[in-house]
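Add chain B to chain A, keeping to what the hints say.
Protein sequences appear in the order of chains A and B. With numbering that gives the first Met the number 0 applied, the first sequence covers 0 to 266. With numbering that gives the first Met the number 0 applied, the second sequence covers 0 to 295.
It is possible that part of the hints are untrue.
Derived pair list, reagent style SDA-like, types lysine to any residue, alpha-carbon separation capped at 25 Å [stated by the list, open to error]:
{"hint": "1", "chain 1": "B", "residue 1": "Lys-210", "chain 2": "A", "residue 2": "Arg-93"}
{"hint": "2", "chain 1": "B", "residue 1": "Lys-188", "chain 2": "B", "residue 2": "Arg-106"}
{"hint": "3", "chain 1": "B", "residue 1": "Lys-246", "chain 2": "A", "residue 2": "Leu-229"}
{"hint": "4", "chain 1": "A", "residue 1": "Lys-55", "chain 2": "B", "residue 2": "Val-134"}
{"hint": "5", "chain 1": "B", "residue 1": "Lys-217", "chain 2": "A", "residue 2": "Ile-16"}
{"hint": "6", "chain 1": "B", "residue 1": "Lys-48", "chain 2": "B", "residue 2": "Thr-20"}
{"hint": "7", "chain 1": "B", "residue 1": "Lys-48", "chain 2": "B", "residue 2": "Tyr-198"}
{"hint": "8", "chain 1": "B", "residue 1": "Lys-217", "chain 2": "B", "residue 2": "Lys-245"}
{"hint": "9", "chain 1": "A", "residue 1": "Lys-55", "chain 2": "A", "residue 2": "Glu-236"}
{"hint": "10", "chain 1": "B", "residue 1": "Lys-246", "chain 2": "A", "residue 2": "Thr-15"}
{"hint": "11", "chain 1": "B", "residue 1": "Lys-188", "chain 2": "A", "residue 2": "Glu-92"}
{"hint": "12", "chain 1": "B", "residue 1": "Lys-217", "chain 2": "A", "residue 2": "Glu-12"}
{"hint": "13", "chain 1": "B", "residue 1": "Lys-245", "chain 2": "B", "residue 2": "Arg-106"}
Quick caveat, the hints were computed from the structure, so don't treat them as lab data.
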Amino acid sequence: MRARVFDWRRMPEYRTISLLAFVFLYAPLIILIVYAFNANRAALIWGGFSTQWFVKAVLNDDLRRSALNSLIVAAIATPVSTLVAIPAALAFERGRFFPGRSTGEALIGMPLVAPEIVTAIATLIFFEAIGLRAGVGNIAIAHIVFCIPFALLPIRARLREMPRDIEDAARDLYADSWAVFSRVTLPLLMPAIVAGATLAFVVSLDDFLITFMVAPAGATTLPVYLYGMLRVGVTPEANAAATILLVISIAAVVLSSVLVRPRTVKA
Amino acid sequence: MAAQPRFRDRALLLAGPALLTIVIFMVLPMAIALVYSFMTASPYGGVEKPYTAGAYVRFVYDRDLDDSLVFDTTYLQIFARSLILAALTSLGCLLIGLPMAWYVATRRPVQRQILVLLVTIPFWTNLLIRTYCWVLLLRDQGLVNNVLLWLGLTKAPITFLYSDGAVLLGLIYSSLPFMVLPIYGALEKMDPRLVEAAYDLYADRWAIMRKLVWPLAKPGVAAGNLLVFVPALGAFLQPDILGGGKKLMIGSLIQQQFTTGRNWAFGAALSMILMAFVLGAMMWSAWRRAAIAVPV
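Excised from the complex, chain A in its bound form (with noise of 0.2 Å):
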């Protein structure tokens, strides 16, 4: 066999680089994490495993409070963004073309594209312009429109998947347009919007730039706070904040993946 004299796979450096890349990743976020388990407050001397700063962190007052800010901004965000996602996705995929539409989907790109810090100057600009002063619910607005094209994707990918015949064949058994939806495209849907939710769960969650430029004084979030924590110094305490986060992220990001999994897998 050819393979067995050449192996086109193989190519030893690219081998050592991917997985010196790896550890790259991955090796600040692991220390991070063993520095927040660790019992000793000088970080570098190992006293053993301990969770007194997760305690700790959590017994903070103002980190709690901020933590249940950046539950309720992304509670709202995360189930608007998706609501309109889902039309969107719908229209862009399976709709008929109209006027200003790639324009449109450009638009909808727009989050992804403008650098974050001109996204959040414009949106603090807007605020004060209109002099919309809703505390939290200043910072919710300006997550819906990033979450938006972050729920969006794995939406329009599912969609573009997924075979028209049986929304044609539901039609030919009279269905109208409502049911053609309700019972088979949303259910086929359902995961792809679990994960684009998910996303925007995330992606609203970790948001650090634009939440800490639009926040108006008294409404902190998570990440917010997590920067006052550490522009002070290293402490096992931010540590400790800073894996809880981490590892809500990575929990959720690995959901979302599963649950597109079975759908996206090819060959």
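Below, chain B without anything else, positioned relative to chain A:
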């Protein structure tokens, strides 16, 4: 076709809510920011009349005591630094990302899925935390210095933090997935028989890379470059945390104008200049035939 998909006729209506949200809360704010950039900063934040191009003039000229304009390169230097750092970030990501994408693309499907997930996870985790991890590693009492001291490679801790190098490292670290994923997307579809054919025609590994893999990866590289370059150009957290706020980049400069600087007009003008750079980079990239979707 007898039964046309009914979603077809209501496309505009269906896309309406999403479009409206983006137009009201993103496009309109950008337009207002553009207007603000042509107004006069009021001393307590915000802007006031008269309309002027003063904010843009300030970008290149400093007003002297006698009110004459002097050419001043302070801000130009910050822009130049940002452009250079963003370009180096793209280059660094490419050097690591291309072999990585090739490696992932040549694994078996199950392995591939796991590796793609491993590349994707950092992409979705908090940027602040990922940047902060490097402080733990690089500070004077950090892990790297302690290992170096322990190995006897250095007598005193080396100051890694608050340098251009640290900022660049942070930028490459946070941008790497943006480079790997699109290149992987381009290479994944590659037909392995092409490589075997090249080998049969006496191409060595280097020739295969240069003449086969590179041309195939190019659309992915173009997309990746854009995805790395644009956020790196406007980066705030990496220069702030790893550069100590002293090594300014455009992002930090803009942020300052809205906080300590209290010069909204100038901040808006800087944002518009940054936006012009970004649009320029995108158009250049589109012109060089690019833009493939990022696989999720």
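Handout entry: Proposed proximity, Glu-92(A) with Lys-188(B) (alpha carbon, max 25 Å)
Key = holds, 22 Å
Practice task
Take a quick look at whether Lys-55(A) and Val-134(B) sit within 25 Å of each other, Cα to Cα.
Solution key: OK: Lys-55(A) and Val-134(B) at ~22 Å, within 25 Å.
Exercise for the section: Would you check the hint for Lys-217(B) and Glu-12(A), treating anything up to 25 Å between C-alpha atoms as holding? Expected result: holds, 20 Å
Practice task
For the pair we were handed, Lys-210(B) and Arg-93(A), check the Cα-Cα distance against 25 Å.
Solution key: Violated, at roughly 39 Å.
Problem - Satisfaction of hint between Leu-229(A) and Lys-246(B), Cα-Cα up to 25 Å - result: Roughly 18 Å between the alpha carbons, so the hint for Lys-246(B) and Leu-229(A) holds.
Handout entry: Given hint Arg-106(B) paired with Lys-188(B) - CA-CA distance at most 25 Å
Key = Holds, at roughly 13 Å.
Practice task
Below or equal to 25 Å on CA atoms is what counts here, so check Lys-245(B) against Arg-106(B).
Solution key: violated, 44 Å
Handout entry: Given pair status - Glu-236(A), Lys-55(A), alpha carbons within 25 Å
Key = Within the cut-off at roughly 7 Å; holds.
Practice task
Verify the proposed pairing of Lys-217(B) with Lys-245(B), using a straight-line Cα cut of 25 Å.
Solution key: The hint is violated at about 36 Å.
Handout entry: Pairwise hint evaluation, Thr-20(B) against Lys-48(B), where the allowed Cα distance is 25 Å at most
Key = Not satisfied, since the Cα-Cα distance of roughly 29 Å exceeds 25 Å.
Problem - Pair hint outcome, Lys-48(B) versus Tyr-198(B) [Cα-Cα no greater than 25 Å] - result: Violated, at about 70 Å.
Problem - Restraint check for Lys-217(B) with Ile-16(A), where alpha carbons must lie at most 25 Å apart - result: Holds, at roughly 20 Å.
Hint compliance for this structure: hints 1, 6, 7, 8, 10 and 13 are broken, all remaining hints hold.
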